[in-house]
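Going by the working numbering, the letters in the sequence shown line up with residues 1078 to 2307, in that order.
Not one of these hints is a red herring.
Lysine-lysine pairs mimicking BS3-like chemistry, simulated, CA-CA at most 25 Å apart: (1) 1975 x 1879; (2) 1547 x 1568; (3) 1204 x 1272; (4) 2143 x 2077; (5) 2082 x 2096; (6) 1134 x 1084; (7) 2033 x 2082; (8) 1772 x 2015; (9) 1353 x 1342; (10) 2082 x 2139; (11) 2266 x 2139; (12) 1503 x 1093; (13) 2056 x 1975; (14) 2088 x 2078; (15) 2143 x 2128; (16) 1697 x 1686; (17) 1093 x 1134; (18) 1940 x 1840.
Read the hints as simulated data drawn from the structure, not as lab findings.
What you are looking at is a predicted structure, and each value in this text was computed from that prediction instead of being measured.
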Amino acid sequence: MSPAHLKVHLANLFQKENLPIDDLETLEKKGVSGSTFVSIDSEKLDNLLPNAASDVKQHLTTLAKEVSLAVTKNTQALREFDTKVTHLCKYVPSYFTDVYVNTRSKLTYPIKNFHLVKDKHPQKALKRITHEALQFISACLNDRRNGTIYFGICPNDEGAFREGEIVGLRLPKEDVNAAVQDALCGSFMDDAVKKVVRDVVFVPLTGTGERYVIEIDVVPSFEFLGDDIIWSTEDHRAECSKNNQTPVIFRFSDYGYPEILPNEKFNHFKNVQLPKIVEQRKLEEINFTKGKKWQDLRTQLLNCVTGGSEFLTDSIYPFLVTSPLDTDMTQEYLKDKTEFVKHLHPRVVFDFNENSANAGLLKSLEEHHTETPRILTTENFNQITTEKANELKESLYNERRIPWLFCNGHREQSIASLKPLEWYRKRSLSFQNALKIFTDMYKRERTVVIICLFSPNYETLIEACEEIFKHTEHWVVLSETEFVARNWQDKMLSKNRVDKREIQNKSVIGLQWENVNQILCRAANASISSPYSIVCSTGHFIQVESNQPNDWSDLSIPSDDFLANVSDTERDEIVKNVEEKFYRGDQVDWLNFQFGHVFLRNKHCELKKVVEQALTSPVKDDQEMIKKITILHQPGAGGTTFAKQILWDERKLYRCCVVNEITDQTCEQLDGFRNYKDPNPKPILILVDNNKNLKRLKYELELKAREQLQHLDVCYCTIIACERTPELPAQTMDNEVALRQELTPEELIFLKNKYTILIQNYKENHKTNVDPKFLIAFNIMRENYDQTYIANIVSEFLNEIKSPDECFLLKIVALLNVYDPDFEEIPVSCFDTLLNPQPGSANCDQGGARKLHWESELSESIKVLLNISSYRKYTGIRTQCVKMFCKVMAREVLDQIKKRLGQKDSGIMLELLEKNIFQQDTLDYQQLSIIVNNVFKKRSSRTQRRDGSNRSNGSKFSEFIHHVDSNENAETVIRLLEKVFSQNKNPSIAQVLARFYIDKKMWIKAEEYAKRATELCPKSSFLMHTYGLVFQSQILEKVSSGNVHSQQAVKFSESDICDLIKLATKGIEIFRKGQTICELERSTQEKNNLASYFGELETIVEILNALQMSIPFQHKDVLQNFLTHPAYKTNQHNFLNRENISFIKSLEKSSHEAMRRLDDEFLQMKKQFSSNTKKDEYNKRKLIDMKAKLDLFFGEVGLKAPNNLNERERSVNTDIEEQDFLVPLPSTVY
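Please model the entire structure based on the sequences and the hints provided.
Structure (structure tokens):
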């Protein structure tokens, strides 16, 4: 279509949409024809029409795409030259292939001839096949050119068939083979011909029964032909008779078809051309062989995925894209070829096989590899709003399963697959939405897309790849054969989505899926999958079915069977690796217990006794069915290892497990684990390590136990809860065990003996054994956490660190580890932007290997101080994280690096905040944001006395804020907090700011940030309580300063009282809002937040104290009468307006209502089976204290009128509506 015709065509379409056609003139002037238009995209359109309206550009882009898809033929890649026909090698009838005859390429690049043969008369068809084949073979031999001749593909438009169309023919295979072999024997005198002409191959056409494309390959290698001229004994012309056969020579014409060499050209060919052809053939064969040897597919795959290493040494986020399977790929075939999907744990699988759940990759993963992914379809992303997208992203953040997205239909949900054009119109936008959500969650630089082409049926996948490549530069395409991959490569090149060099480096073609599976499983450090057994109540062990662990995904279960199916050599290597990781500071593995890497703590017997007592003690109906034992331990003291040791010891008596993550399914999983094939189960023993959702889980388990109450005579389960705390109590409760960061002489003996063994092993073989000096966690314990030793070892390794980036990394990790109360690991990818490394693009000069990220190139010294390993703390996804061994070491590193750089803690934190970490939206940055927020807002969980009251030494704020406030100044704290809030707009940070301003008595700023916190999160009773505290604290400060500094009982003037009443009115109004919200929300502790009720009562007490410190109310009986009798008022009270009087007289009723609500709450708690916390007990005592204080003001007077009232005044008591004297407080429901 010419530019003019294109303009007319587009103008008609534009008129239907009421769009202006002025820009179409520009396209015509710039020579945009129909062929150019179909390949146009938005970027090209911007260059062609820079001033066009956005709706015009969008419509043109859509039209170009639709036309392109509509006119694009369904293309068919042909069988790879000189290869057998595999189960994957099939052609689709009526698809099209390129029938261009290439005459100018290398001799080793095959020339192709195509013929459409009618098979209505078999004998004529066979004669035509042999006639064309012999000419083609002869020409290949004399030109020394590789070639393939095809029968059943239309070479040009002919009748009902179009150029390149796959037609096929139906002839008996044995007849074709016999005819070709007879023709070869009768036509060529040289026996070498049989060695270079391959057997006839028959490529089947799908869905046609016995219809094939017939192909013959010719490989005229120098080894067999030398420099001979190959003569045919028949000239193969149809008009020749049998009696007129003469030897002839065929060569290819300039058009690529066989022709007889004229006699007059024979000598020139023999003496000049043939020697050159033979020499060129020899050279190409040598280079071709070298290239084949050089090409190592395994290395190529590792280059793309691991950067060339045997194992993944840096953190990547795999995305998997899978085509439909070939029909011969059964579940039995897939069984040992797809385990890599499980061990790579892709962040998402884009599956283009609509039947994957019934007969595809998904079914194989579920049945053979105990994985149950989270199923999604494009319907989940159709017309998705920003709010819904954020909700979905949040759920994916917390997802332990592999997200599995059906991109083109899902048969189980009756969603049909679509052809490319229809998919583009109906599903491409939903796919783009899904792709954006997943790519936003993970850093682009660390995303690696693995495209698995299992069959040539991937037309729709090609369209999706256009979008995928916009979001990543790291990818690899895998295919067993070139036949399968070629069409994908051609399309990507023609659409300019990749370049030829990328195709060469990132296409791993030829590896069998079994080999792919082995390489990727090894690269991912795949754990050994072995069946294991668990104990029953009768004492015998039962083996857990292979698919069962998938139903217990939140749990980690100890077993002796994990290495049952590995060789002795593999076992020794695995055991050595887990020992080294543990002694470097990694989390303890069950194998560490099995192979004696862990020593018993001196508190072990004490804990074991408490645990066994909890497991065996009888319980009554009114007692808790869930027993809880708390291990209080200092960070780095080994509390988790200590607790796991108990589980390991008890595993043969009770079913034991660690709860890795508390989800909505955890309770059901624990119940299933407890009852698995055991009709009369014993209690289970579970470990929960520092998880804020423990109370919720305990509550759910208690409900579950109550359902089975009649079957229980002992507890349902016992929970060991590990709780980190920097300060241990002087005394512990009966259900608590404290573990200090200090070892006994008996414990040190084990470490001393172990150190001797490690030194000996290293001396015997230092190549395979680690130098014990690098096992920093082990050495610190061996020296009993000696501060001098820690200072020396830190100094030694710190002095060897010179890189500015490594220094920055070290000080940031140390700062966060010191002040993070949860002592969490930090994802390594968070430092990609912080360290400003070079982007991790592929380095083609190194064979196309992906450039490794910074964590794989750290110096040995920093690797000693920082422990980099994989954790599943936040989600089920293994993420490489960085952390120091313990807080003691982190503090020493921080102190030394501050001294070296001349910085303060605030300066380091400010340097981190300057990196705008809160502007990043990936999953890992979300985790870093949580850590930084906790450093500013979270107080230690053990900053309370045993009676529940707060300590005074800085416990009002986090350790970091208290440190900066004490060692620097309040202005620095405010600058840091305001910096954080300006970046993340987190209401909790605004709350901390408000509380800090309250502490510094900066009331205007306190009110500003308290209000902003409630505006950001209006449904939080906690934030509303802080807002109320702004006003309550001002009253308390004035009253307290009056008691301390005034020598007189009277402190406040009449105007002061009015001001204080305003504060109290505002405070109680806000506390009332908090109470309303409180009744609509449930805290994570499954109990109402009662703070606003206490806030109102405390405000009432303080305003009453203030009234008593004024002349009008200095006498107790006057104040009491004024409070309890609606009509009571003296001349001294004339300074109060109606609102003030109404407010004061409403205090008795307000206090009674608040106390009644608190009484109801504590009565309900008493009836419930859940235990009361220390805070609950403290609140009960606080309520009793409040009642006593309020009784001093309200007394037992009730509604009895004072004696000094006249009759009229006494009668008013019955005439006035009670609500007239109530403060008009709003009760807004949020």
